[in-house]
Each structure stands twice: as C-alpha cells, then as structure tokens.
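Undergrad: Sequence:
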Amino acid sequence: MKLLGVLIGVSAAGALAASTSDVTKISSFAQRFGLSTADTRTLAAKYAKAGDPVAILNIVCLTAQGVLGTENVDTSPLNQTTVEPEEAQDISTAAKVINFFQVKFTVRSGAHSPNPGWSSVGSQGILLDLSRLNSVSLSADGQIASVGPGLRWGEVTMALDAEKAVVIGGDCPRWVSNVPLLS
Numbered sequence: 183m184k185l186l187g188v189l190i191g192v193s194a195a196g197a198l199a200a201s202t203s204d205v206t207k208i209s210s211f212a213q214r215f216g217l218s219t220a221d222t223r224t225l226a227a228k229y230a231k232a233g234d235p236v237a238i239l240n241i242v243c244l245t246a247q248g249v250l251g252t253e254n255v256d257t258s259p260l261n262q263t264t265v266e267p268e269e270a271q272d273i274s275t276a277a278k279v280i281n282f283f284q285v286k287f288t289v290r291s292g293a294h295s296p297n298p299g300w301s302s303v304g305s306q307g308i309l310l311d312l313s314r315l316n317s318v319s320l321s322a323d324g325q326i327a328s329v330g331p332g333l334r335w336g337e338v339t340m341a342l343d344a345e346k347a348v349v350i351g352g353d354c355p356r357w358v359s360n361v362p363l364l365s
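If you're matching positions, the sequence shown starts at 183 in this note's numbering and goes up one per residue.
None of these hints come from the bench; they were simulated from the model.
It is possible that part of the hints are untrue.
As the list claims (entries may be wrong) - So the derived label-pair ranges between C-beta atoms look like this: (1) A270 / A322: 19 to 27 Å; (2) D234 / D343: 47 to 55 Å; (3) P235 / Q325: 15 to 23 Å; (4) E269 / G336: 18 to 26 Å.
What the hints assert, rightly or not - PhoX-like, lysine-lysine: derived pairs with alpha carbons at most 25 Å apart: (5) K278 / K207; (6) K346 / K278; (7) K207 / K231; (8) K231 / K286; (9) K207 / K286.
In this text, a Cβ means the ideal position worked out from N, Cα and C, and glycines have one as well.
With the hints as constraints, model all of the structure from the sequences given.
TA: In structure tokens form, the structure reads like this:
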C-alpha cells in the first residue's frame, strides 16, 4: 500500500532522535508487512524525529493504515484511531503493530455504551473495534453455534431462529457472552 504520501504529511514533534538500531528495526518491521523500501525509510525517518507519545501514535496509526488499508483504519472519530478488522488475520496484524510500537489499546466488540469516548481508549491509543466480525454459523448437527464477537444478542437470536435453534442468555439484546445453545 502507498504510505509515503500520507507519511510526508505527518508532523512529528520533538527533537529526540531514535538510535540507528531503532530505525533499522522499524524498517525491517514495516517491510515484513509489504511496505515498500521508500515507505519504510520515510516511516523510520519520521519515527527518528518523533519525540513525544502523540507523534509516535500518529506514526502507529499511519503504519496500521498502510498494512491494513484505509478502509479498515479510521483516524477521524473522537481524535482516535479505530481499527476495524474484517477477519482474524487483521486482528493479528493490528496486534503486531500495536506491540511493536508499545502503544495503549483497547478492544470493543458490540460496544456496551453508545456515549462517545466511553467504549474507547481515547486519543492516547488504538481502539480495535470488532463489530465487522459479525458472522453466525451453526454446526452440521445443530449443537454448536459459532458467533462473531461483533454481534449483539438480537442479531444472534435472529440468525439462530432461522435455523430453529435457541440460545440461552441474558435478555439484553446489546451484548453476547459464552452461553449454551439449545436446538
């Protein structure tokens, strides 16, 4: 993915310079995810100039956009970065980026609160929003349902009703937890 144009627009504050080994590590890390040599050099240069957590978080967000795509990484809501994985591999990739840069993060599945900022990490980190992982499947024998973490109870019961299966759980249609399945 083309990250160069976006990275050039990042303003990395501060004068703390990263060591040469840090720059090498960042370049190697970014190339493992398929970023071009030019993009990784630009990323490493921006990181070397980043002297505060906000500047580093901006680089992390742009790295996530570069490896996961701008359609899966939104940096506009509430001044935070939201990663919306579409499959398990996307979660793994996001976790590797988060771990490499050692930034704060939180995970939200169906979201327990509609209030802005209540189900998030705010501007200090990355929010992994699992709402796109919203599939429901029933085993061939009808005994086990596989439920994506982004679903809410109402969606689960509607999907299982069509299969003549019943799930036992709380009466709040907003969350899903581990519960037995009846058919």
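Undergrad: State for each hint whether it applies.
TA: Against the structure, the hints:
1. A270 / A322: 19 to 27 Å: 22 Å, holds
2. D234 / D343: 47 to 55 Å: Check passed, 52 Å falls within 47 to 55 Å.
3. P235 / Q325: 15 to 23 Å: 48 Å, violated
4. E269 / G336: 18 to 26 Å: Given a distance of about 23 Å, which is inside 18 to 26 Å, the answer is holds.
5. K278 / K207: Judged against 25 Å, a Cα distance of about 13 Å means the pair holds.
6. K346 / K278: 40 Å, violated
7. K207 / K231: Since the Cα atoms of K207 and K231 sit roughly 15 Å apart, the hinted pair holds (cutoff 25 Å).
8. K231 / K286: The given pair, whose Cα atoms are some 21 Å apart, holds under the 25 Å limit.
9. K207 / K286: 20 Å, holds
Hints 3, 6 from the earlier list are contradicted by this structure; the remaining hints agree with it.
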